[in-house]
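Enquirer: Here is how the chains run, residue by residue.
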Amino acid sequence: MAELDTSGGGGKGKKTRSKKMSTKVDLTAMVDLAFLLITFFMLTTTLAKPQAMDMFMPDKPKDEEKQLDVKASRTMTVLLASDNKIVWYMGVAGDNPPTVDNYGKSGIRGAFIDNNKKVIAGTGDPKKGLMVIIKPTDKSNYKNFVDILDEVKIAGVPSYGIVNKIENAEINLLKDQGVYK
Amino acid sequence: MPKVKIKRKSTSTDMTAMCDVAFLLLTFFILTATARQPEALAVDTPSSTVKTKVPDADISMLTIGQGKVFFGVVGQDVRIKTLQKMGEQYKIVFTPEETKRFALIESFGVPIANLKQYIALDNADRMKLQQPGIPTDSLDNQLNAWILQARYATKELHGNELRFTLKGDSKEEYPTIKKVINVLQEQKINKFSLITSLEGDN
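Line by line, the protein sequences give chains B and W.
The number in my numbering is simply the position in the first sequence, starting from 1, with 225 added.
The number in my numbering is simply the position in the second sequence, starting from 1, with 170 added.
Excised from the complex, chain B in its bound form:
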């Protein structure tokens, strides 16, 4: 029988003692679960929104005269080849030997930074830096394209352009290097 009076005072003889139940509940498991769920929701909410890389394509001019002329010495043409390889050369094709490079920190990024410095030293105007012309070939994939834009951004190249027209000479150049499969 439950009794409210637990003072036990004044009772003679047999005491009916109701057992005092502790009001404390072990919350450890509950807290564990709550934090697990918090972690889950925190991570999913912050990562749910994808990142967006802005990119600009050059305007398609109707006539050739409207095209912007850039000094050949300032340009660096980057051809995205197959097998995650890059071939780049400075200026006009044939004037300078092409270099086969990789993506990433040890690859093209160094070339971007070096060439940018050289061009600025040559022009003497920090605003007239390197102009990178990116030419993705049909053998490259989308990841290569995003990677090269990312590298351009990381290296701080002042201007870049994406050109979808590839000359036959350039394809031959890639074939010579064995990176057009």
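Everything labelled a hint here was simulated from the structure, so no lab data went into it.
Careful: at least some of the hints might be erroneous.
[Claimed, not checked] Capping the alpha-carbon separation at 27 Å, the derived lysine-lysine pairs in DSSO-like fashion look like this:
id	chain 1	residue 1	chain 2	residue 2
1	W	Lys348	B	Lys406
2	B	Lys330	B	Lys364
3	W	Lys358	B	Lys378
4	W	Lys361	B	Lys378
5	W	Lys179	B	Lys244
6	W	Lys341	B	Lys400
7	W	Lys348	B	Lys400
8	B	Lys406	W	Lys349
9	W	Lys361	B	Lys364
10	B	Lys390	W	Lys238
11	B	Lys360	W	Lys349
12	B	Lys400	W	Lys349
13	W	Lys349	B	Lys390
14	B	Lys249	W	Lys179
15	W	Lys221	B	Lys330
16	W	Lys341	B	Lys390
17	B	Lys330	W	Lys223
18	B	Lys390	W	Lys361
19	W	Lys221	B	Lys378
20	B	Lys330	W	Lys341
21	B	Lys353	W	Lys361
22	B	Lys296	B	Lys378
23	W	Lys341	B	Lys360
24	W	Lys349	B	Lys364
25	W	Lys348	B	Lys360
26	W	Lys361	B	Lys360
27	B	Lys378	W	Lys348
28	B	Lys390	W	Lys358
29	B	Lys364	W	Lys348
30	W	Lys221	B	Lys360
31	W	Lys177	B	Lys244
32	W	Lys179	B	Lys245
33	B	Lys360	W	Lys238
[Said to hold, decoys possible] Facing chain B, a subset of chain W residues (Cβ under 8 Å, in silico):
id	residue
34	Thr186
35	Val220
36	Lys221
37	Lys341
38	Leu364
39	Leu368
Glycine included, each C-beta is placed from N, C-alpha and C at the ideal position.
Assemble chain W onto chain B, guided by the hints.
Expert: Quick look at chain W alone, frame taken from chain B:
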């Protein structure tokens, strides 16, 4: 000899306050979390170091993978308007019921001729269906039409320019990307975003 008695301390701590805080935070995160719809075309986006987020409104997403292009636009009102305009252009009448169902479709990749059948399917069947992608060849460039009508719809409803994002698969061959970029450039859209996942600076 006196015995030294070490008083035993209880190891249990009072967790009530901690529990309260944990559940408060949990409630907050559950309420702020947005449920993610399953994607019509699963793509593995390449990673980059950019940290700009995609805007919430007036945006269209072109998903590119396996040589197919899927089209999707954010906002139910824009979707309805776009569908009406497409119906006018292709002489297809969509019932109000179909329009309502279409407004809930995040992204799709079927030619407009099959769109009615596609709308009629329920969610589970839609997932199973192998969608052929939106035709982009020069004879019947429906992607071009979708993009154009979605831009008109956004302009009319919100007065803003629709922005485009490309969500491509890492392994996707460049010619497919080039095709989509060309379609955008035909309409003088020279600025768009590429969706990427996050990567460390190295």
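Enquirer: All hints, please: hold or fail.
Expert: Verification of the hints:
Among the hinted pairs, W:Lys348 with B:Lys406 is consistent with the structure: their alpha-carbon atoms are about 19 Å apart, no more than 27 Å. Of the pairs offered as hints, the one joining B:Lys330 and B:Lys364 holds, with about 23 Å between alpha carbons and a cut-off of 27 Å not exceeded. Between W:Lys358 and B:Lys378, the direct Cα distance comes to roughly 24 Å. Compliance with the 27 Å bound is thereby established for this hinted pair. Proposed proximity of W:Lys361 and B:Lys378 is supported: the alpha carbons are some 16 Å apart, at most 27 Å.
Proximity of W:Lys179 to B:Lys244 is assessed by CA-CA distance (about 23 Å); at most 27 Å being required, the pair is judged to hold. This hinted pair checks out: W:Lys341 and B:Lys400 have alpha carbons roughly 22 Å apart, not beyond 27 Å. Restraint check for W:Lys348 and B:Lys400: satisfied, since their Cα atoms lie roughly 21 Å apart, inside the 27 Å limit. For a cut-off of 27 Å, the pair hint linking B:Lys406 to W:Lys349 stands: about 21 Å separates their Cα positions.
Distance check on the hinted pair: W:Lys361 and B:Lys364 sit about 24 Å apart at the alpha-carbon level, within 27 Å; holds. Distance check on the hinted pair: B:Lys390 and W:Lys238 sit about 22 Å apart at the alpha-carbon level, within 27 Å; holds. Taking the CA atoms of B:Lys360 and W:Lys349, the gap is near 15 Å; set against the 27 Å cutoff, the hint holds. At most 27 Å may separate the alpha-carbon atoms for a hinted pair to count; B:Lys400 and W:Lys349 meet this at roughly 24 Å.
Restraint check: the Cα-Cα separation between W:Lys349 and B:Lys390 comes to about 13 Å, which is no more than 27 Å; the hinted pair holds. With a C-alpha separation of about 16 Å, the suggested pair B:Lys249 and W:Lys179 falls inside the 27 Å cut-off, and the hint holds. This hinted pair checks out: W:Lys221 and B:Lys330 have alpha carbons roughly 19 Å apart, not beyond 27 Å. For the suggested pair W:Lys341 and B:Lys390, the alpha carbons sit about 21 Å apart, so the restraint of at most 27 Å is met.
For the proposed pair B:Lys330 and W:Lys223, the alpha carbon gap of about 24 Å is at most 27 Å, so the pair holds. About 19 Å separates the Cα atoms of B:Lys390 and W:Lys361, which keeps this hinted pair within 27 Å; it holds. With a C-alpha separation of about 12 Å, the suggested pairing of W:Lys221 with B:Lys378 holds against the 27 Å cut-off. Simply put, B:Lys330 and W:Lys341 have alpha-carbon atoms about 21 Å apart, close enough for the 27 Å limit, and the pair holds.
Restraint check for B:Lys353 and W:Lys361: the C-alpha separation of about 23 Å stays at or below 27 Å, so the hint holds. In summary, the hint linking B:Lys296 to B:Lys378 is supported, as the alpha carbons are separated by about 22 Å, within the 27 Å threshold. Among the hinted pairs, W:Lys341 with B:Lys360 is consistent with the structure: their alpha-carbon atoms are about 18 Å apart, no more than 27 Å. Using a Cα cut-off of 27 Å, the hinted pair W:Lys349 and B:Lys364 holds, with the two alpha carbons roughly 14 Å apart.
Distance hint between W:Lys348 and B:Lys360 is fulfilled; the C-alpha atoms sit about 11 Å from each other, no more than 27 Å. About 18 Å separates the Cα atoms of W:Lys361 and B:Lys360, which keeps this hinted pair within 27 Å; it holds. Restraint check for B:Lys378 and W:Lys348: satisfied, since their Cα atoms lie roughly 21 Å apart, inside the 27 Å limit. Of the supplied pair hints, the one linking B:Lys390 and W:Lys358 holds, its CA atoms being roughly 18 Å apart against a limit of 27 Å.
Simply put, B:Lys364 and W:Lys348 have alpha-carbon atoms about 12 Å apart, close enough for the 27 Å limit, and the pair holds. Distance hint between W:Lys221 and B:Lys360 is fulfilled; the C-alpha atoms sit about 25 Å from each other, no more than 27 Å. Of the pairs offered as hints, the one joining W:Lys177 and B:Lys244 holds, with about 24 Å between alpha carbons and a cut-off of 27 Å not exceeded. Straight-line distance between C-alpha atoms of W:Lys179 and B:Lys245 comes to about 20 Å, which keeps the hinted pair within the 27 Å bound.
Distance restraint check for B:Lys360 and W:Lys238: the Cα-Cα separation of roughly 22 Å lies within the 27 Å cut-off, and the hinted pair is therefore satisfied. Proximity of W:Thr186 to chain B holds as hinted, the smallest CB-CB distance being about 6 Å (cut-off 8 Å). Hint status for W:Val220 relative to chain B: holds, with the closest Cβ pair at about 5 Å, below 8 Å. At a threshold of 8 Å, the smallest CB-CB gap from W:Lys221 to chain B is about 6 Å, leaving the interface hint in force.
Look at W:Lys341: its Cβ gets to within about 6 Å of chain B, closer than 8 Å, so that hint holds up. The beta carbon of W:Leu364 is positioned within 8 Å of a beta carbon in chain B (closest approach about 4 Å), and the interface hint is therefore held. Restraint check, W:Leu368 versus chain B: the minimum CB separation of about 6 Å is within 8 Å; hint holds.
The structure agrees with every numbered hint stated previously.
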